[in-house]
Each structure stands twice: as structure tokens, then as C-alpha cells.
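Residue numbers (full-length UniProt numbering), protein chains in the order written: chain X, 1 to 350; chain Y, 1 to 350; chain F, 1 to 350; chain A, 1 to 350.
Mixed in with the good hints there might be a few duds.
For identical chains, the list gives no copy identity; a pair is met inside one copy or between any two copies.
Restricting the straight-line Cα-Cα distance to at most 20 Å, the calculated cross-link-like pairs of lysine to aspartate or glutamate (EDC-like) are [said to hold, decoys possible]:
no., residue 1, residue 2
1, Lys40, Asp83
2, Lys105, Glu190
3, Lys225, Asp63
4, Lys125, Glu108
5, Lys26, Asp169
6, Lys263, Glu207
7, Lys111, Glu303
8, Lys187, Glu257
9, Lys143, Asp117
Simulated from the structure, these hints should not be mistaken for lab results.
What you are looking at is a predicted structure, and each value in this text was computed from that prediction instead of being measured.
There are 4 protein chains.
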Amino acid sequence: MIRVAVIGGSGYTGGELLRLLAMHNKVEVTYITSREYAGKPISIIHPNLRGFYNINFSQFSWDKIGEKAEAVFLALPHKVSVDYVPKLLEMGLQVVDLSADFRLKNPELYKLWYEFDHPYPDLLKKAVYGIPEIHYEELKGAKLIASPGCNSTATILAAAPLVYSNILDNYRLISDVKVGSSEGGAKPSEGSHHPERQNAIRPYEAEGHRHAAEVEQELQYISKKEVKISLVPHAVSTIRGALASVHGWLISDDLNEIEFWKKIIEFYRGRKFVRVIRGNIHPYPDPKYVIGSNFVDIGFAVEKRVGRITMFSAIDNLMKGAAGQAVQAFNVSRGFEEDEGLRIPPLRPA
Amino acid sequence: MIRVAVIGGSGYTGGELLRLLAMHNKVEVTYITSREYAGKPISIIHPNLRGFYNINFSQFSWDKIGEKAEAVFLALPHKVSVDYVPKLLEMGLQVVDLSADFRLKNPELYKLWYEFDHPYPDLLKKAVYGIPEIHYEELKGAKLIASPGCNSTATILAAAPLVYSNILDNYRLISDVKVGSSEGGAKPSEGSHHPERQNAIRPYEAEGHRHAAEVEQELQYISKKEVKISLVPHAVSTIRGALASVHGWLISDDLNEIEFWKKIIEFYRGRKFVRVIRGNIHPYPDPKYVIGSNFVDIGFAVEKRVGRITMFSAIDNLMKGAAGQAVQAFNVSRGFEEDEGLRIPPLRPA
Amino acid sequence: MIRVAVIGGSGYTGGELLRLLAMHNKVEVTYITSREYAGKPISIIHPNLRGFYNINFSQFSWDKIGEKAEAVFLALPHKVSVDYVPKLLEMGLQVVDLSADFRLKNPELYKLWYEFDHPYPDLLKKAVYGIPEIHYEELKGAKLIASPGCNSTATILAAAPLVYSNILDNYRLISDVKVGSSEGGAKPSEGSHHPERQNAIRPYEAEGHRHAAEVEQELQYISKKEVKISLVPHAVSTIRGALASVHGWLISDDLNEIEFWKKIIEFYRGRKFVRVIRGNIHPYPDPKYVIGSNFVDIGFAVEKRVGRITMFSAIDNLMKGAAGQAVQAFNVSRGFEEDEGLRIPPLRPA
Amino acid sequence: MIRVAVIGGSGYTGGELLRLLAMHNKVEVTYITSREYAGKPISIIHPNLRGFYNINFSQFSWDKIGEKAEAVFLALPHKVSVDYVPKLLEMGLQVVDLSADFRLKNPELYKLWYEFDHPYPDLLKKAVYGIPEIHYEELKGAKLIASPGCNSTATILAAAPLVYSNILDNYRLISDVKVGSSEGGAKPSEGSHHPERQNAIRPYEAEGHRHAAEVEQELQYISKKEVKISLVPHAVSTIRGALASVHGWLISDDLNEIEFWKKIIEFYRGRKFVRVIRGNIHPYPDPKYVIGSNFVDIGFAVEKRVGRITMFSAIDNLMKGAAGQAVQAFNVSRGFEEDEGLRIPPLRPA
């Protein structure tokens with residue numbers, strides 16, 4: 001049993017990590033921190049977990065962390081993680097960081113997109129971007145995993161197979177994402193107030209979403225060419241779930257549907273959490289049918305008349321888009337079964 | 001008072017027409033037909049209208065229609081309206097047809113998109129496409145109004161100002177539409193069953209949606225150039241509301257935000273039901289804030305880095321996307337105040 | 001045109017008043033106050049009202065109010081209204097107060113239920129409890145209207161006809177209310193955060209809800225006997241709508257269904273906003289079918305085997321349960337048509 | 001590994017059984033029947049289960065069932081199960097029947113409540129009512145388990161501790177249940193059509209709900225006295241989840257809150273799936289926090305002023321209210337860990 005800590009355990013990503021780690025047979029959660037709820041039971045803020053944890057939230061302490069844990073999941077805000085990671089690594093702990101602080105390889109991009117002078121450019125090289133479907137081999141034994149969020153994960157996994165095949169105009173990709181309210185985290189705001197948020201179909205951060213930086217980095221890694229993509233997220237009226245509709249333009253009209261299908265199947269062959277969808281009753285992915293699970297369902301639609309292809313990916317934003325993927329990457333890094341703690345079929349109807 | 005009939009009064013569009021006409025000071029609804037509910041009170045199928053109508057549903061009769069009404073709203077399925085319209089016109093009745101049967105000018109397009117040999121190509125020329133923001137003058141005195149649906153209306157009104165300005169790549173437009181469940185009509189199906197439909201984020205008819213035909217016709221009318229557009233609708237988890245996110249590519253990077261803004265304002269100057277949105281708390285349109293009203297809220301987002309512009313339009317799919325717009329066009333055709341029967345502010349929160 | 005002010009115009013009740021008064025032909029809204037948004041346009045906080053008001057929010061001023069308005073709607077929190085009402089009345093203004101501050105006749109009850117020593121017991125006698133279905137005659141010419149909220153209104157209107165008939169055990173009434181999220185107002189909180197509030201079925205204030213005081217006062221007024229009732233509200237997953245299921249025990253088993261029906265019909269005869277429901281497809285009231293309107297739908301269910309009767313009432317909590325009823329009572333007080341500004345059929349589907 | 005069959009595998013209860021049995025370490029699902037989908041893959045109708053089953057739906061066959069399975073879960077409609085059970089038992093198979101056909105001990109009650117002359121009164125005696133919290137010992141080795149549904153389970157588990165304590169007026173109990181749409185099953189209907197069902201707060205079967213029969217049977221078993229209870233279910237706007245608010249009247253006012261609390265704790269001591277709730281942030285049970293799990297959260301509210309107590313229970317209607325409880329009872333019958341296949345914490349937020 002590996003002793004693990006969850007730092008920042010009171011948010012939704014922290015709560016989801018705790019839910020998953022409670023089902024994980026190879027780890028024991030020994031330390032859960034929260035600035036606000038230190039000293040209080042886990043269930044006070046995560047009522048679903050009543051009965052699953054007999055430890056309370058703690059204040060983070062550098063003394064305790066080394067003694068309590070071998071691996072650390074950081075569910076902290078951006079620009080906060082960066083202050084924890086170097087020292088945790090120095091102490092010999094493995095770190096799975098769910099913030100954006102170590103996702104980009106190029107420190108210049110932090111300046112450009114985050115107005116942030118990254119203080120540890122060397123660590124950026126060591127970090128492995130935590131999508132096992134793309135970086136499986138590098139994740140083995142990784143000490144620092146930079147685990148991506150839902151907009152990025154959904155967009156990358158939708159676009160990857162076709163970008164890899166070099167059949168698209170690489171400069172004109174748009175990821176029109178639709179995402180549920182839990183993506184915004186556990187802090188109430190005007191925009192998340194139920195009467196305002198329910199029934200919304202609301203574009204947000206639609207003019208230069210900064211996750212485009214990591215998406216372009218990964219798609220360039222896959223295609224070995226320059227890629228430009230624009231993210232246009234929309235808040236829709238579910239709690240969980242994200243659908244990325246990645247619209248692209250074919251550079252040739254030679255290919256037919258079956259060939260697109262084959263390219264996708266081939267790209268994801270052997271990947272446990274990818275399901276390629278093409279059917280009668282349910283022709284395209286819908287996040288509704290992956291809720292509560294770590295699956296990503298992938299599909300596509302082609303309109304040859306205009307040369308447009310749309311690649312769809314559906315995920316549960318707190319699972320494959322956050323905590324589930326972090327556990328999956330951790331499993332790969334440790335040589336565990338990739339789906340340890342993640343063998344739950346999606347909940348339906350839900 | 002003009003005596004009007006609603007043919008096909010039991011569906012959602014029919015019900016919405018009845019709701020609006022009950023508030024209309026210039027008309028009296030004298031005849032409401034339904035094959036299935038003939039002889040029964042209106043409120044049996046529209047429980048919201050209890051107390052508003054003291055006539056029952058009737059079977060349609062050619063004898064009655066001429067005697068009862070001067071104007072007829074047809075809320076019938078596609079390819080059914082076509083059998084009613086010519087004779088109603090011959091009888092001297094004005095027709096507002098909410099089906100697709102008279103929306104396209106070119107009969108060839110019916111073959112291509114609907115696999116339908118249109119029997120009355122001459123009438124196609126007489127019909128006025130019922131978006132008053134585009135065809136205001138032609139609607140005056142119009143005898144046959146072809147009133148469009150929500151995907152088309154939302155897409156056309158979002159794209160119109162910029163297509164008119166000739167600043168986009170006309171061959172690479174995508175309308176990624178998100179729409180609520182009432183768009184599918186009042187007939188239950190597997191896909192509309194509440195446990196399957198609620199929380200869905202589900203692409204549908206994503207490979208050549210036939211409403212692209214009328215959208216292209218109208219955008220070409222506006223821009224005087226060829227336009228190609230692809231519609232990719234998504235079912236999301238509200239009852240009412242449609243948001244069109246029309247993604248386009250700028251052909252030059254000379255223009256700035258203020259100029260886009262001006263072009264939109266200019267294009268819609270004096271149009272009662274268009275509200276152009278650009279703000280702090282609510283920067284983009286959200287159908288949530290037009291529910292129950294005939295407004296279309298218009299906005300946009302630009303990402304100059306990649307030359308992408310997204311034009312947003314938000315409507316209530318049963319109002320500006322169906323019954324409301326039909327009443328608005330009817331008002332224009334009759335010389336009434338454009339907003340007669342439609343002076344209801346949107347419901348909020350809802 | 002009567003010049004009216006809305007004091008506390010930025011909340012949901014204030015916003016709904018503004019929406020209704022914009023459709024009201026006998027009033028002009030000349031003054032809208034908000035401490036937080038003074039100087040800003042109405043639409044900044046009520047995006048639905050964009051285009052309907054060309055005045056901004058003001059800071060409340062005793063100088064201005066007298067000059068600007070003849071009647072004042074107070075949409076202020078409890079224990080705040082009480083500081084405005086006496087002086088407004090002295091200034092000769094009519095007051096419609098939507099707080100609880102003047103609803104109870106007996107000042108002792110404010111001590112008991114609100115821990116509040118009411119400073120103006122004399123004014124309590126002058127105030128008219130603002131349910132026109134109960135106090136129609138007293139409302140005529142009323143200078144101070146104490147307009148009730150949704151739990152009270154729904155419960156009173158459900159229970160009234162049978163309590164009036166003296167056929168129930170008056171000491172064992174329970175109003176199990178189900179209500180949407182807008183009832184909690186416009187301020188975000190942990191409990192109203194969308195991911196926590198959506199899909200909730202959550203009892204609250206279930207051990208001595210203080211609105212029982214006014215409900216008992218009104219039911220005793222109607223029945224001329226002592227009545228005890230317990231309110232058990234539940235937050236459910238809509239934005240608008242409240243259903244009260246008032247469970248009671250019959251004191252005799254002589255009566256049959258038709259007689260209950262007759263008693264209800266008789267009690268509400270001539271009341272414009274009451275619809276009594278008993279049908280096949282929709283046998284009981286559902287707030288879904290009154291949304292956006294001022295109607296209350298009333299129905300009942302009897303189980304003679306155990307002597308239980310449940311009386312149901314369905315309202316839109318912001319309309320008949322708040323702003324709509326306030327306007328209705330104001331109309332009666334002024335001798336206007338009771339439904340002036342309120343002639344909107346419910347929105348469906350919504 | 002025990003080989004099990006699921007008969008009637010295409011509905012929601014069948015699908016949920018398949019989801020749970022896929023995680024169960026002691027069983028193998030060898031046979032899944034569906035009249036409508038025989039020959040087709042499981043995922044065609046349960047898209048969430050794509051990748052979990054490599055067998056297809058079969059037509060039920062008496063030859064196959066004996067050969068394929070040792071235990072059978074029947075997810076069939078009422079009055080259909082009754083034709084399968086006797087022969088399956090004769091063949092030596094264990095039967096977990098999720099219909100109402102073997103829940104009542106007294107055949108007269110089938111006449112009264114179901115207008116049904118039960119053909120196998122002897123089998124009624126052998127069947128064990130499948131709530132392990134009530135019938136744990138009898139379930140051990142049980143050959144026929146009559147597994148109850150969500151209204152009954154929620155009501156019984158809420159009422160049991162206090163009915164057991166004999167502190168209530170046994171003749172005046174009301175269970176006001178609020179339940180999500182999945183309770184109605186997978187067949188679309190007018191009432192389940194999304195635009196009609198979403199946002200509903202709709203009483204149904206409110207005048208003599210027949211599940212009162214089994215609830216009274218069980219509460220009499222627990223209290224050893226006659227009990228009368230009335231069920232008043234309400235359809236609310238979630239997919240999963242049921243809350244029973246069981247309203248009762250105390251026969252004495254001697255008891256205080258702590259004593260109620262103790263009685264409940266005592267009654268459920270050692271029961272793995274019961275969580276008794278009494279807290280600050282979440283004072284009462286909410287089905288939202290048991291979704292996806294087999295837990296029942298129990299709580300209560302007292303209003304001593306009027307002698308009213310409300311007992312709340314919150315369940316996931318497809319889990320503790322159907323498939324989860326069936327698996328739990330099966331586990332007990334087989335001597336497995338009670339929570340085998342059911343060790344999933346509730347999903348949150350969801």
C-alpha cells in the first residue's frame with residue numbers, strides 16, 4: 001500500500017480524488033489538507049463520503065507531509081502549486097499536480113498566456129503531461145505528473161487521431177466545448193448561483209482561452225507540425241460532463257468515412273479508457289453516457305459538401321477531465337493496472 | 001379584429017401561437033384544428049391555457065376555414081403544409097406557414113435536400129421568407145409567409161451582419177448550435193424520454209443538416225456572394241432556448257473589435273427585437289435571458305491570434321425561433337405594430 | 001398614470017416587479033433603488049430587461065421618494081422594511097410591502113416567531129394581508145398592503161376552502177411544500193451553488209418554519225376556529241414554482257369527492273387567478289403549468305380508507321408567490337382591473 | 001463464481017443490475033434476456049456499458065436458463081414475474097424477483113390492491129421481503145427474495161425506527177415521497193417527455209397508492225401493531241433519487257430530540273448501508289448525496305409545538321430502491337459480504 005496525501009481536499013477535484021482513492025486497492029490516503037476545514041471531518045464538506053474516511057482535514061505541514069506520504073496529489077489553484085512542487089520532489093515524494101503550473105514545456109508560454117514568469121523552467125522539462133493515451137511510456141516512473149483539465153483533455157483526445165494523420169488544415173481548428181457547472185469548482189459566485197446557472201447556454205472566455213497553449217503543445221507533439229487551435233467553451237446546464245466538438249477542414253476530399261474511422265481506431269488501439277462511437281441509436285458521443293467513469297467516448301461527423309469534419313469527445317469533467325485521469329496517470333507511473341480504482345461503469349441514467 | 005385560424009394546434013408551436021394570439025389585440029382566434037384532439041378543449045393538451053379559450057379543437061374542414069378565418073397559421077409537419085397552402089391562397093386567405101415547404105426559392109434545392117419534387121415552384125417565388133430583420137419591406141402585404149425555425153433563424157441572424165460586410169471566408173462557416181428539448185416537438189420518443197434527455201450534450205444531424213439550404217440562401221441574399229455553411233446542432237439540457245455559435249475566419253486582420261461592434265449595430269439599427277450584447281457581467285448572449293420573449297440577443301468573440309471570429313445569437317426557440325417570429329412577420333404584413341402581442345419582457349430567472 | 005417606486009430593485013422580487021410593471025398600463029416606474037447598484041443601468045443586473053427601462057438604479061433618498069412616487073413597492077429584507085413604512089405612509093404614499101414586517105396582526109407573534117419587538121403595533125392593524133382571494137374588500141383603498149411570500153400563499157390557498165368548511169381536524173395539518181431555487185433570492189451561497197442545488201430534494205427549516213404564524217392567522221380568520229399547521233418546505237430542482245401539498249384528516253367520512261370539489265369551486269367562485277383542477281391527463285396541479293403567470297391551480301386527493309385528504313396548490317413563487325400577487329393586490333386597492341399587467345398566460349413548455 | 005441471469009435486461013432496473021454485477025467479484029453474468037432486443041449487443045440499449053459485456057441479449061428460454069444460471073434476477077413487470085417464479089424455483093434456481101408479485105404475505109391483499117387472484121399463495125409464505133435492514137436473518141439462504149421498489153423502501157426505512165418505538169399515532173402516517181424520473185422506467189410516454197417532465201412538481205397516484213399495502217405489512221411486522229399509512233408520491237425534476245418525508249404525530253410530548261436520535265441509531269446499529277444524518281451544513285438527508293450508491297440516509301425533524309415529527313429517508317431509487325438492494329439481499333442470502341459489488345461511494349456533485 002502506497003501512502004498518499006491529497007493537498008487541497010475540499011474542492012470538487014479533491015473530493016473526487018478522495019472518492020476514487022477510497023476504491024483504490026494499492027493506496028491508503030493518510031493525509032488530507034484544507035486551509036479552511038482543518039480539524040473537521042471530511043464528510044462536513046463531502047457529505048457523499050460519510051463513512052469512508054476516519055481521518056479529518058489537516059493544515060498542510062512540511063513536517064507531516066514527508067512522514068505521512070510517499071505520493072502527493074495537489075488539487076490546488078494555479079500559481080499555488082508551483083510553490084509546493086519543487087520541495088516535495090526534493091523530499092523524494094512523487095507529485096501529481098492537477099494545476100496548470102507544470103503543463104507547458106516552454107516557459108515563454110507562461111509569460112504569454114499566464115503573465116507569469118515561471119520560476120522553475122528546469123522542472124518543466126521533467127514534468128510529464130498526464131494524458132496516458134499520449135504519454136504512456138514517459139509516464140512510467142514519472143516523478144512529476146502535470147495532469148490536465150477537462151477542456152484540454154477533451155480537445156486533445158478528439159483532435160489527436162486526425163491531427164496525427166495530417167489530413168486537416170492545421171491552422172483552422174476550433175474546439176467548441178460544452179461543459180457542466182462542476183467545471184467551475186466548489187466556490188459559489190454570481191454566475192454559479194442556481195437560478196442563473198441552470199438553463200444557461202453561455203459562452204465564456206471565448207477570446208483567447210489560455211488552455212489553447214497546452215492543447216497546441218500536445219497537438220504539435222502528436223503531428224510534428226505547427227497547429228493553431230481556438231477554444232470556445234460554453235457553460236451548459238448539467239453538473240458533470242464535457243463535450244468537445246472540434247471543427248476542422250479537410251485538406252483533401254479523397255478520404256471516406258471508413259478511413260476516418262480506421263484512423264481513429266488505429267490511433268487508440270489498446271487504450272483502456274477510449275471508446276470509439278459510431279452507431280445507430282447513439283451515433284455520436286454524449287457525456288451523459290460516461291458520467292461517473294474515466295472513459296472518453298470519441299466520434300466524428302463529416303460533411304463532404306463543404307469539407308468540414310467535426311471530431312467529438314465526451315468525458316466526465318471531474319473524472320477523465322480531472323481526478324480520474326490523475327489516478328490513471330499515477331497508476332501508469334507506478335506500474336499498477338491502468339484502471340485500478342477506476343473500474344466503475346458509467347452511471348445511467350444520470 | 002382579424003379572424004385567424006391555427007391549423008395544427010396541439011403541438012408546441014401551435015400551443016405557443018395560441019398563447020401569443022391570446023395576448024394580441026388585433027386578432028381573434030376563431031378556429032383551432034387538431035386531428036387527434038378534435039372535439040376536446042384546448043386545455044386538455046395545453047394545461048397552461050386553461051381559461052383562455054372557450055372554443056374546442058376542430059377537425060380541419062375546407063368549408064369551415066373559409067367562413068371562419070381571414071388569416072391562417074399553419075403549424076403542420078413538412079410536406080403536409082404544401083397540400084394546404086395553394087387552396088388557402090386561392091380562397092383569398094393569408095397564410096403564415098411554419099413548415100419548411102415554402103422557404104426555399106429554388107425548387108432544385110428541395111430535390112437535393114428534401115428528396116422532394118416541389119409541386120408548386122411558382123408559389124416559391126411568391127412566398128416571403130419570414131425574418132422581418134431581413135425581409136421587412138417584402139413582408140408588407142405578403143400573402144404567403146414562409147416562417148423559419150430556430151436553427152435557421154439563430155444562424156442567419158448571427159451571421160448576417162458580418163457576411164454582409166464581406167470580411168469572412170465565405171466558404172468556411174460553421175454554426176455550432178445548442179438547443180433545448182422543445183425544439184423536437186411534442187411527440188415523445190426514446191431520445192426525448194426525460195431520463196435520457198436531461199443532462200444530455202448530444203450532437204445530432206451533424207452531417208449535412210438540411211436547414212443549411214435556407215441559411216445559405218439567405219446569407220447569399222444578404223452578401224450577394226456565394227456562401228457555404230455547415231450546421232452542427234447539439235441537444236442540450238434546457239427546455240427552451242437556442243444559442244448559435246457561428247464560427248468564421250477573418251479574411252484580413254485589419255479590423256478591430258469596435259469596428260465589428262459598429263457593423264453589427266449598424267446592420268440592426270431600428271430593429272425592435274434585436275439586442276446587441278457586449279458587457280462586463282454578461283459579455284455574450286445567453287438564451288436564458290430571452291426566454292418567453294421574441295428577442296434575439298447578438299454578440300461576438302474575436303481571437304485575432306488565429307483570425308477566428310465567433311458570432312453568437314440567443315433566442316427562445318419557440319418564440320423568435322417559431323411562433324413569436326411568425327406573429328411578428330404577420331404583424332409587419334398587416335401594418336400592425338411589429339411587437340403587437342409580443343410586448344413581454346423575457347422571464348428571469350427561468 | 002400612477003408614478004411608482006420600487007425600493008430594493010436588484011433582487012429577484014424587485015426584478016419581477018419591474019418586469020410586470022413594464023407591462024402595466026396604469027403605472028409608470030419613476031424610481032428604482034439599489035444600495036449596491038446605484039448609478040448603474042437596470043440591465044446590468046437584470047439582463048432580461050435590457051431595453052425596457054431608461055432610468056438607472058438610484059440610492060434611496062427621502063427627498064426623492066416623495067417627489068417621484070405616489071405608490072411604493074418595498075422589496076426589502078425582513079426587519080428592514082419596518083424602518084421605511086411608517087414615514088412613507090406619513091408622507092401620504094401608498095405602500096406595498098413584500099417583507100414579513102406587517103403581515104401579523106398580533107405583535108406578540110413577532111416576539112415568538114421572529115424574536116422581534118415590533119415597534120409599530122398600531123400599524124399592524126391598518127395593514128391588509130395581501131391575498132385578494134381572501135381580503136378583496138379590505139384591499140380596496142388600502143394604504144398599507146402586507147404582501148405574503150410563496151410558502152404562505154400556496155399553503156393558505158390550498159387549505160382555505162376546506163378549513164372554511166370545517167371538515168378537517170384543525171390541529172393536524174401539514175403543508176409539505178416543494179419549491180424552486182429562486183425562492184432563496186439572488187444572493188449566492190453554498191447551498192445555492194449550481195452543482196449543489198441542482199438535483200437536490202432537500203428539506204429545510206423543517207422544525208418550526210416561522211411562516212406558520214401568518215398561515216395560522218389567515219386560516220383562523222377563514223374558519224373562525226383555532227388552527228394549527230406545520231410547514232415542511234423542500235428545495236427541489238426547478239428555478240420557479242412551488243407546490244404545497246397540505247395533508248389533513250377528515251373528521252367525518254360522510255363527504256364524497258364531488259362535495260369536496262363543489263366546496264372548492266364555491267369558495268373561489270369569481271376569483272380571476274384561481275383555476276380548480278380535476279382531470280384525466282393532468283389530474284393534479286403542477287407549478288410547471290402556471291410558470292410566468294399569476295395563477296394558482298388548486299386540486300385535491302382523497303384516500304377515504306384512512307381518512308386523509310391532500311389539498312394541492314401550484315404557483316409561480318415569484319408571481320403569485322411574490323411580485324405578481326403584490327401587483328394584483330395593488331390593482332384591487334386602486335380599483336384597476338384585477339389582472340392589469342398580469343394578463344400573460346403561463347409559459348409552456350418551460 | 002456463481003452464474004447468474006438477468007431476465008428483462010433492457011429496462012433501467014435491468015441495466016442497473018448489469019452495471020452492478022459487472023463490479024461483483026463473486027458472480028458471472030451468463031445470460032441476459034430481452035424480448036425486444038434479443039440478438040443485439042447490450043450496449044445498443046445501455047450505452048454506458050459499452051465494453052463491459054461480450055454477450056448479447058437473448059430470448060428467454062426454459063432450456064437455456066437451467067443450463068446457464070444458478071441464480072436469476074427477474075426485472076419484469078408486475079403480473080409477469082408470477083409466471084416465471086414457480087418453475088424457476090422447481091428447477092432449483094434461486095430467484096430475486098424485483099416485481100411486486102411476491103411481496104405481500106396475505107393473498108387477500110392482492111385482490112384488494114391489485115385486483116389479482118394470486119395463483120401461488122403458498123409461495124407468498126416462502127418469499128422473503130428483501131430489505132436486509134429488516135429481514136437480515138430470514139434472507140440467509142433464502143430461495144425466493146421479493147425485492148421492493150423505491151417508494152416502499154424509502155418509506156419503510158424512514159418510518160421503521162419510530163414505529164418500532166411505538167411513539168406515534170399509528171393510524172395517521174403520511175409518506176410524502178418526491179422521486180426522480182427514472183422511477184417510471186425506460187418506456188417513453190407523454191408524461192416522461194422531457195419538455196413536460198423537466199421542472200415538474202407533480203403529484204401522482206395520490207389516492208390509494210398500492211404500495212401502501214406492503215409498507216403497512218412491513219411496519220406492522222416491525223411494530224407488532226396495526227399501522228395505517230398513506231403514500232403521496234410526487235414526480236420531481238431529477239433523474240435519480242427519492243426522498244420520503246414520513247409525517248407522523250407523537251402520542252406523547254415527553255421525548256426530546258436526543259431520544260429520537262438514539263432510537264434511530266439503535267435501530268440501525270451495525271447496518272452497513274444506513275447513515276443517520278444530523279448536522280449543521282447538511283441537517284437533513286438529501287438523495288443528491290447518495291446518488292450512485294446503495295446508501296440510505298436517515299434523518300428527522302420535530303415540531304413539538306404541534307406534536308409533529310417528520311422522518312426523512314434519501315435513496316437512489318435505482319440502487320437502494322431497486323437493483324442495489326436486490327444485490328445486497330442476494331449477497332446476504334449467499335453469505336457474501338453484504339456490500340460485495342456495492343462498495344462505490346456516492347457520486348458528488350451529480
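To see whether the hints hold, each was checked on the structure:
1. Lys40 <-> Asp83: The answer is neither: 25 Å in one copy and 41 Å across copies each exceed 20 Å.
2. Lys105 <-> Glu190: Cα proximity of Lys105 and Glu190: none, with 35 Å in one copy and 37 Å across.
3. Lys225 <-> Asp63: neither (46 Å within a copy, 61 Å between copies)
4. Lys125 <-> Glu108: within (13 Å within a copy, 59 Å between copies)
5. Lys26 <-> Asp169: The answer is neither: 45 Å in one copy and 52 Å across copies each exceed 20 Å.
6. Lys263 <-> Glu207: between (32 Å within a copy, 19 Å between copies)
7. Lys111 <-> Glu303: For Lys111 and Glu303, only the inter-copy Cα distance (18 Å) is at most 20 Å; the intra-copy one is 39 Å.
8. Lys187 <-> Glu257: Classified as neither: same-chain Cα gap 44 Å, cross-chain 32 Å, threshold 20 Å.
9. Lys143 <-> Asp117: Answer is neither: 23 Å inside a copy and 65 Å across each miss the 20 Å cutoff.
Consistency note: the structure conflicts with the earlier hints numbered 1, 2, 3, 5, 8 and 9.
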